[in-house]
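Going by my numbering, the first residue of the sequence shown is number 34, and it counts up by one from there.
Think of the hints as simulated: they come from the structure by calculation, not from any bench. This structure is a prediction, so every number in the text was calculated from the model and none was measured. Please note: incorrect hints may appear among the correct ones.
Here are the computed lysine to aspartate or glutamate pairs in the EDC-like style, where the Cα-Cα straight-line distance is at most 20 Å [what the hints assert, rightly or not]: (1) Lys61 <-> Asp133; (2) Lys343 <-> Asp202; (3) Lys235 <-> Asp352; (4) Lys212 <-> Glu150.
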Amino acid sequence: MTTPQRKIGSGFGTRSTAAEVLQGIDLKGKVAIVTGGYSGIGLETTRALANAGARVVVPARRRATAEEALKGIANVEIDELDLGHLESVRQFAERFLASDRRVDILINSAGIMACPETRVGPGWEAQFATNHLGHFALTNRLWPAIARGRGRVISVSSRGHRVSPMRWDDVQFERGYDKWQAYGQAKTANVLFAVQLDVLAKNAGVRAFSLHPGGILTPLVRHIPKEEMIANGWVDEHGKPTNTSFKTPEQGAATQVWAATSPRLEGMGGAYCEDCDIAESAELPHDASTFTSGVHAHALDPNDAVRLWKLSAELTRVDAFAR
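Could you build the full structure based on these sequences and the hints that come with them?
This is the structure in structure tokens:
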């Protein structure tokens with residue numbers, strides 16, 4: 034780890050919004066790519082970056098939906114991308130690179146959560162493939178433009194990472210599927226990806242961070258039955274939120290916007306953030322019901338970060354840093 038997992042006193046907190054953390058920051062002339070930038074916290078991330086002057090590229094699996102959601106927001110362009118299909122990733126990256134632009138900010142925000150067992154590509158488990166492998170391939174294919182931008186790559190993880198470390202003996206859940214274990218592994222992979230990317234990219238002036246955006250009721254929960262959300266104490270029988278710790282989408286977008294732009298993070302990298310600050314370490318048992326703060330050590334293990342990078346490069350057949 035380059036940067037210790039200790040709070041730095043950012044001046045922002047749990048209820049800060051993306052617009053608030055960008056006050057006084059001028060992003061004119063900057064280019065940002067935000068996956069999932071047309072729904073939930075991704076939409077609010079796009080809005081905040083664009084309002085601060087950045088040109089925001091939103092690659093979308095559902096282009097018509099993205100066009101409707103982003104209507105009226107200036108400085109935004111939409112392209113097509115399905116993170117679950119590596120050919121789609123390659124095509125998007127090639128189109129962007131052909132524009133001869135740099136990438137100043139890449140926010141890998143798109144994701145799926147606790148979905149029924151689904152296989153994509155050559156039989157990969159969908160949460161690992163979409164949340165991690167698709168973003169791994171995208172970042173590596175965009176590397177020439179990212180290196181030119183000398184900016185930041187943000188990997189949106191979750192406190193869900195503490196549910197499961199990497200399951201090295203059965204990464205694709207071929208011996209029995211559990212939706213929350215699969216989600217936990219994918220979120221651990223998001224953190225490990227940022228750890229190793231930062232090691233590889235910092236000499237080029239590019240830094241990487243991962244983060245937990247907070248608990249937010251967005252379309253991400255679409256695969257979770259209402260009965261399960263009631264049992265978890267998230268909503269009442271009418272579907273109204275009952276957990277007062279939930280953030281609004283504007284608040285949920287704040288940490289990834291802060292990590293992507295804050296001058297306080299200059300010279301830092303590889304750290305996991307939450308509530309618009311670097312998070313503390315948390316040595317807690319794997320428990321899906323644990324909502325306390327902090328990052329578990331298994332998600333920061335440098336050896337596992339190297340191992341995951343090698344596995345991901347083998348599976349996707351792309352590695353911008355291969356010798």
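* Asked: Is the hinted pair lysine 343 and aspartate 202 satisfied, with a Cα-Cα distance of at most 20 Å?
  -> holds (15 Å)
* Is lysine 212 close enough to glutamate 150, meaning Cα to Cα at most 20 Å? -> With a Cα-Cα distance of about 7 Å, the restraint between lysine 212 and glutamate 150 holds, given a limit of 20 Å.
* Asked: Between lysine 235 and aspartate 352, does the CA-CA distance stay at or below 20 Å?
  -> Since the Cα atoms of lysine 235 and aspartate 352 sit roughly 16 Å apart, the hinted pair holds (cutoff 20 Å).
* Are the Cα positions of lysine 61 and aspartate 133 separated by 20 Å at most? -> With a Cα-Cα distance of about 18 Å, the restraint between lysine 61 and aspartate 133 holds, given a limit of 20 Å.
Going through the hint list in order, the structure satisfies each hint without exception.
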